[in-house]
Structure formats: C-alpha cells, structure tokens
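S.K.: So you can see what is in the structure, the chains are spelled out below.
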Amino acid sequence: MQETTEAILQQAVRHAVDTKTPVNITGGNSKAFLGRELDGVPLSTCAHQGILNYHPSELIITARAGTLLSAMEQTLAEHGQMLAFEPPYFADTATLGGTIACGLSGPRRPFTGSARDFVLGCKLINGKAEIVSFGGEVIKNVAGYDVARLMAGAMGTLGVLLEVSLKVLPLPILELTSCFELEPSDAISKMAALASRSLPVSGLSYDGRILYVRLSGSEKAVKVSADKIGGDAAIADRSFWRQLNEQHLDFFQEDMNLWRIVVPPATAQLDLAGTWFYDWCGGLRWLKSDEPAQRIFAAAEKAQGHADLFKGKDRRGDVFQPLTGTLQQLNRNIKRAFDPAGIFNPNRLYRDW
Amino acid sequence: MITIQPHASETIRHQIDRMVLIKEFKTFLPQASIIFEKEALKPFECDGLSAYRCLPWLVVLPETIEQIQRIVRFCYQLDVPVVARGAGTGLAGGAMPLANGVLLSLAKLNRMLEIDIANRLAVVQPGVRNLAISQAVAPFGLYYAPDPSSQIACTIGGNVAENSGGVHCLKYGLTTHNILRVKMLTMDGELVTIGSHGLDSAGLDLLALMVGSEGMLGIIVEVTVKLLPIPEKAKVVLAAFDDIEKAGQAVAEIIAAGLIPAGLEMMDKAAIQAVEDFIHAGYPKNAEAILLCELDGTRQQVEEELDKAVALLTDSGAVEVKIAQSEHERQKMWAGRKSAFPAAGRMSPDYYCMDGTIPRRFLAEMLKNISGLSEKYGLAVANVFHAGDGNLHPLILYNANHEGELEKAEQLGGEILKLSVELGGTITGEHGVGVEKINHMCIQFADNELTQFHAVKSAFDEKGLLNPGKAVPTLHRCAEFGAMHVHHGEVAHPELDRF
Ligand SMILES: Cc1cc2nc3c(=O)[nH]c(=O)nc-3n(C[C@H](O)[C@H](O)[C@H](O)COP(=O)(O)OP(=O)(O)OC[C@H]3O[C@@H](n4cnc5c(N)ncnc54)[C@H](O)[C@@H]3O)c2cc1C
Ligand SMILES: Cc1cc2nc3c(=O)[nH]c(=O)nc-3n(C[C@H](O)[C@H](O)[C@H](O)COP(=O)(O)OP(=O)(O)OC[C@H]3O[C@@H](n4cnc5c(N)ncnc54)[C@H](O)[C@@H]3O)c2cc1C
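Note that the protein sequences, when read in sequence, are chains A and B.
FYI, in my numbering the residues of the first sequence are 1 to 353.
FYI, in my numbering the residues of the second sequence are 1001 to 1499.
Calculated from the structure, these hints are not laboratory results.
Be aware that one or more of the hints could be misleading.
[Unchecked claim] Example chain A residues on the side facing chain B (calculated, C-beta under 8 Å, incomplete):
hint	residue
1	A32
2	G136
3	V142
4	V147
5	A268
6	L270
7	D271
8	A273
Even for Gly, the Cβ is constructed at its ideal location relative to N, Cα and C.
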C-alpha cells in the first residue's frame, strides 16, 4: 500500500531525528557519483512510486518521488507531452525525487527552463519528521515562500521529497540539428547571435570543433528556420542530444576529473588547462582537467559563475563552489530551518553541513 | 470598516521616538527625502488596495545602496520595523505602512545600470518601472517578458517581491522564471548577491525564496533580468461564446492540442460590457464570454498555430472568431483586456479584485459558484481570467459609502478564496498575500507548514523587523480566525492563548 510507504519513510525519519542518526536519502542511486561523499544510513525512496494526478490539458503532472523518470516520461509521451527541462538519467533507475533533488537540466534548459523552473509544488518530510506541502497543482501560486522550488538542487539536504508536481509542455512536432565547423571564439559569438533572434532554437552546444544547433517546433517553422540559418544537417541527428545529456559522447568517457562550470553564456574562453565541451549556448562548460580545484573555483568566480566537480577522484574535498560571507550564513540558516538536527545528507553539498 | 485587522502577535512594539530616527537620517539624507508631516505622509498611506490604509510613521526616499544600508542598520539597532515600497501598485496591501515603522521607498533608485546584449540580460535598480526595461532594450530586438497590466507604473523590485505575472505567463513564465540575480540588503544591512549571471548558482536556490517574498526577507537593491528576442510575429484571435462553459472547454482543447499560446485570456459578459463602455475595444457586447488567444514566434509558426487555434475555437462552438488584421487592431484587442480593472472602476464606485487560481478543469464550477455568491451578497461580479493558467480575477463591485458593503465584498471575496483552495488551487496566483489574504493563509496551510515559513523568515530576518504582519500569519492569528469559523463546535488550536 502506498500510504504505508509514506508512513514508513516518516517513521524512518522520526527514528533518525530521535536518535540523531544521519540518513543518506537515495532514489534510484543513478547520481551517487554527484556531490561529496557522505556517511549515513541509507533511506531509499524507491518504493514510494506512482503517478498521482495527470491531466494533459492542465499541463501538470504529480507523482511520488520514487517514481521512475522513465515511467513518467513514457506516460507524458503517450499524450504528446514532455518534461521540458530534459532531465539527464545517468541510469535507468533515476527517480523523480533524485532528479529534482539534483536539479540538473539538459540542453533545452536555456530555451525552455530548468528543473526548478518547472517545479510547481511538493510534499516532503522535514527535519522534524513532519509531512508538509508547498506550492501546488496550479501554474501560478504566490501564497507563502516558494519552498517547492528551493528543493530543486538542494541535493536532499533539506528534506525527503515525497511528491512533486511539475509543469509539462507539448512535445515538439519536428526537431532538426544543423552543424557548423567553427573556432571556439567564433562559436561563442555565433551562439549568442542565434539565441538573440526569433528562432525556435532548443539546443546550442559546441564540442571544440563543431557547433550543434537544434531547432524544435511546428513543422514548417522548423524547416524554414533551418533554411534560414544554414549549416550542415547531415552530421548529427536527435540522438546526439540524448548522448550529450547522458554523457555517452566520447568526450565524457575518459577517467579524469570532470568539472561542470556555469558562466554567463558569452564569457570568453576561460584560462584553464584541459578540454572543453560547451552546452547551454555557452552557459554550461564541461571541463576535463587536472587543474587544482582552487584554481578552477577561482576562475569560475572571476567569470561571475560557479564550478562543481561533477565526477572526480577526491569527493572528500570541496565538490561544489564554496560559499562565503553572508551568503554562506544564509545557506546554513536555511538548512537549519528545515533540518534543525542536521540529519539529511550531511556534508553532501558542503563540508560543514 | 475592513474586517482584517493587525494582530497583536504580529506587531513589533517599541518605545522609540520618531525624532531619534529623523535626526539620524538627516545626517546622510537630504531634507526632502525624509517625510514626516501628516499632509506629506498621506499619499503613502496605502498601495493599490486602497480600502486598507494606515498613515505611515515616517517615510524615507534614499537614493543609494549605502543610504539604505544606514537606514536599515539604524532601524535594526533600535528594533524599529521597516516596510519596503516600490510604486505602491500592489493589490494585497503588501506595502501598507505601519503606524510605528519606517516606510522605505525604493522609487528613487530608478537607473538602468547595464544592458548586456551578448548575454541577453539587464542590470537595473529596484525602482525601475517594468515597462521601462522593455522600452530600453527594444532597439536591440529584445524585451523583458513578464508584463503585469500595471507595467507602466509598477517597479521591478515590486515585481520580484510579488513574483508578478501578466498576460504572457503561460508561455514565458512569471517573474521567477525571468530573473537571474538580485542584490539585497538583510535587515542588519549586509549586502548579499543571490543568483548569478549564469543560469544556475552555487548553494541552495535562495533566489527562489527571494522572488515572491513580499518584502519579508530582504530589501532588494538591484535586479538582473533575463531578456528575450522579440518574436518575429504575434497574432491575436478573438473568439466569442454564447456560453461560458464552452469558452472554458475551448481553453482545454487548445492546450490539449499542443498549443502554448503566448496569451490566453477570458472575460465574462459583465467584464466585456464594462470594457466596451470604457474604451470600445471592439468586443461583441452580447457574448457571454470571449477568449483572446495570442500566438507568437516565427512567421510560419504563427501561421500554422493560428490555423489550428481558429479550427479548435470554431469546433468548440465559438459564435464568432475574429483575427486581428493589423498591429493596430491587435493592440486594441489587448488594450480592452488590460483596461479591465479601470473599466470596472467606472462601473462602480469601488471594486475589489480577487486573485485565486484553480485547476482549469473546475472553471465552469467556479463560475457557477461565483454567480451564486454574487446573488447571495447582492453585489455584482465581473470576471476576467488568465485562462491559460487558471488564474481568476473576479472583480467584486461595491460602494464603500454604503454602510456594510465593503465588509460584504470582503466576505464574498473570502468565500471565493476558500473555494479556490477547496478546488485544489490557491488563494493568490500573482498579487500576493499582503495583509489582505493573511487570514486565508490559515485555510491553505497547516500549522506545521506555517511554522516552516516562519523558520524561513527567521533564517533571513531573525528579529522579524521586515514587513511584520504581512504574508504569513502567526498560529495565534489562525487560532482566532479558526474560532470565527468554528466547525462542529470545535475551536481550532485550543492550546493557544486568545488575544
Ligand atoms: C561508487 C558508486 C558507484 C555506483 N554505481 C552504480 C551503478 O553502476 N549503478 C547503479 O544503479 N547504482 C550505482 N550506485 C548507486 C547509485 O548511484 C545510487 O543509488 C543513485 O544515487 C540513485 O539515483 P537517483 O537518480 O534516483 O537519485 P539519487 O542518485 O538516488 O539521488 C541523487 C540525490 O538526490 C537525493 N534524493 C534522491 N531522492 C530523494 C528524495 N526523494 N528526497 C530528497 N532527496 C532525494 C539524494 O540524497 C542525492 O543527494 C553507485 C554508488 C557508488 C557510491
Ligand atoms: C491596475 C493594476 C493592474 C495590475 N495587474 C497586475 C497583473 O497583471 N499581474 C500582476 O502580477 N500584478 C498586477 N498588479 C499588481 C501590482 O502591480 C504588482 O504586484 C506589482 O509587482 C507591484 O509593484 P510595485 O512596485 O507597485 O510594488 P509595491 O506595491 O510598492 O510593493 C509590493 C510588495 O513588494 C514589496 N517591495 C517593493 N519593492 C521592494 C524591494 N525593492 N525590496 C523588497 N520588497 C519590496 C513591498 O513591501 C510589498 O510587499 C496590478 C495592479 C494594478 C493597480
């Protein structure tokens, strides 16, 4: 019975609070590589499954956190809809809860929005073992602070997600990919130019040699736009975007530190040694590099961005861009506001909480 | 007499003499930026919800971040509460002043600081008007998407604080989807940058909390907005229906067919007539409801989607389907919708605008209920909706000079809000809670949820000096509000003291 999976999770959290035992929340464990290493009793949300509410004409879906992402996307596709933030899976076991907790978004992100942008509501167990709900199943809702969106990217440090409501969008009727061979600096300006025009662009990525441009939308609009921008349509097809998002491209296969650097998209090439792959119109830069973490964090900060060690050898050090000053204090305060006993995924984000 | 009153448990008490602050502020603010004479205070006594008023204690109009910093630091030291104010167009009393607090106007911080075309963003001060941003970046083929109907007047700081919407939310999102970064001052005067010019940032997503925080968490002193390319083409189609239920069905059909209109607005007969009498937008006056459906994008996309939309509207039983043939006609159709509030204002001495959102499938049920309530209270209601996202703006028409009508309007409104929650929606889609809906927060949220909100508030503002008495009720208030609505003879929260 589903009621009991919720009750079991709540009981487990209550026990953890009472005994001050840290828990390590897991979904499908597809993203266990992400974030700092942590100790803690595993608390699996996998059994808490099921789509609870889906009305295609409302553009909203609500499901339990343990629901497989694949099951959700399949149901949506049957009604011609999708999760428009294009969440990466990294394994078939990826769950809704893990997806939102990680807050990762795919190539469509600069054009349609991020995981947090599509979150409308959630139900969670907070650090007092209470079940609380925020937001809801409507697109516009400003009653109370927007706690539901705060959960996106919090890596499970604020609570155990039980249910999430997301806005969904129609699947595009047609997608085409055009390619251009360009030098890095030309690629950056070409991406900016394409993103500044009224075009149905849904992907702009650059592998160091080739710029990939994806167009999505209604049939005529995509075809006419493809003619307008030109480029080579024979190099890549839609499978490229999936491979990029799932990190199946050759670039991602090497066993070395992989950094995820987010900067303003038109930022010039960063002065860091290594090989690069640009996504998000230049706003997301994957870097394979042996540069020391401190140098990478400093470079990202100087460029008004931030860096995370996405896959790395040392997961006991800083993995996410360190925070300082009042911002660091506010982050800690919020952590304490949700998890006063410090039991949820301690140290997964930062070493001191 | 309004029925929503300040609550003792939400009041900050202090014994500070106003002169102490005036004297201090004079050391760094020009005389004209400190207002304390009764006549000069008057214009600040309310925001757009003019039924709720309070003469401010003291108003300050700083021009720099450093001045604001000194103001809040001094207030922090003395435990004096502070209320931020943008343009004062808010419709929930969020910027309503306090009788013992400082009203901090951001209106003089009205410069655009940077337009970054390559990164499609603009950095602006909080007092910049919403429309001014789009106007300034139009020469570059860009615009700022959220467009509240008040956009000529309202400020970007107010928009961030309210998470304001507009008629283009369904496709382009709310303020929260179009803001990259804010700089804010905490109540103790620390300057914090939240968010970044990249698409995500380090740490928890505090920007999500700041947007829609109603001046409760910090004073926003700078905002970076996202800019979008102006669509190549925009076309609007007007469909008239002889039955409001059919209009609601048409909305569902359009969305189920995979169209995401840039705007999808509905008006009922009362609203149509008010608008026609006011600005002659060319709406069919005998229709029971009209839909305005705007499609934008590339020329081909608009053509394809327009054909689809027209077919769907016709199949849904529209009695008239009219495509605006020129940009002038398109503007005219929108002008009608955007002037719905002032038009209602002409029909009746006063109107009270509600803001609930419901899952769209309950639209017809909601409308039936609203019309029942309208009869019950003997007050006319005109309805305008952001139909695409289920956000309703019933306009309750009343005359404040008639004894008891304001209370009746409030009660009618309260019932609509309660119904919105019961149908799985929310008491406010875009106007915020402010003071107006603070009691109804007790209906939408359970005690532990409200307690969680208070914990968020304390994480930013431990002393609770920012905009006290707004947005999030205390459990004590809810206990009393619950007591007025005793269910089955049980008083809610019997464990709490009554004030
Ligand atoms: C070295 C190593 C190698 C591994 N290799 C494999 C492998 O090859 N194949 C495999 O299947 N597994 C593997 N695992 C385990 C697997 O990675 C985890 O089970 C995985 O993290 C779960 O997938 P997910 O996508 O649902 O989200 P998760 O990865 O479970 O979670 C991602 C983040 O979201 C949080 N989270 C998840 N659900 C919730 C929720 N409901 N509420 C709040 N927060 C939540 C988690 O705490 C975590 O911070 C490995 C683990 C390790 C340590
Ligand atoms: C005719 C009319 C039409 C409207 N149409 C719409 C609409 O279509 N959509 C919509 O969403 N709203 C609409 N509104 C409501 C209103 O315009 C918005 O809520 C707007 O965002 C308020 O901006 P403001 O600058 O007037 O803020 P104010 O009313 O001055 O303040 C609003 C709230 O924000 C806080 N605040 C203001 N500035 C700051 C700051 N710098 N830092 C911290 N807190 C701050 C205040 O304390 C207060 O709580 C309409 C109002 C009117 C009168």
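S.K.: If a hint holds in the structure, say so; if it does not, say that too.
M.R.: So, going through the hints one by one against the coordinates:
With a cut of 8 Å, the hint placing A32 (chain A) at the interface with chain B is violated, because the nearest CB-to-CB distance is about 21 Å. Given the 8 Å rule on beta carbons, the hint for G136 (chain A) holds: about 6 Å separates it from the nearest Cβ of chain B. The restraint placing V142 (chain A) at the interface with chain B holds, with a minimum CB-CB distance near 5 Å, inside the 8 Å limit. A hinted interface residue such as V147 (chain A) counts as satisfied when its beta carbon comes closer than 8 Å to some beta carbon of chain B; here the least separation is about 7 Å, so the hint holds.
For A268 (chain A), the interface hint is violated, since its Cβ never comes within 8 Å of a Cβ in chain B; the closest pair sits about 10 Å apart. Because the closest C-beta pair between L270 (chain A) and chain B is about 12 Å apart, greater than 8 Å, the hint is violated. Taking 8 Å as the C-beta cut-off, the interface hint given for D271 (chain A) is violated, the closest approach to chain B being about 17 Å. The interface hint given for A273 (chain A) is broken, as the beta carbon of that residue sits about 21 Å from the closest beta carbon of chain B, more than 8 Å.
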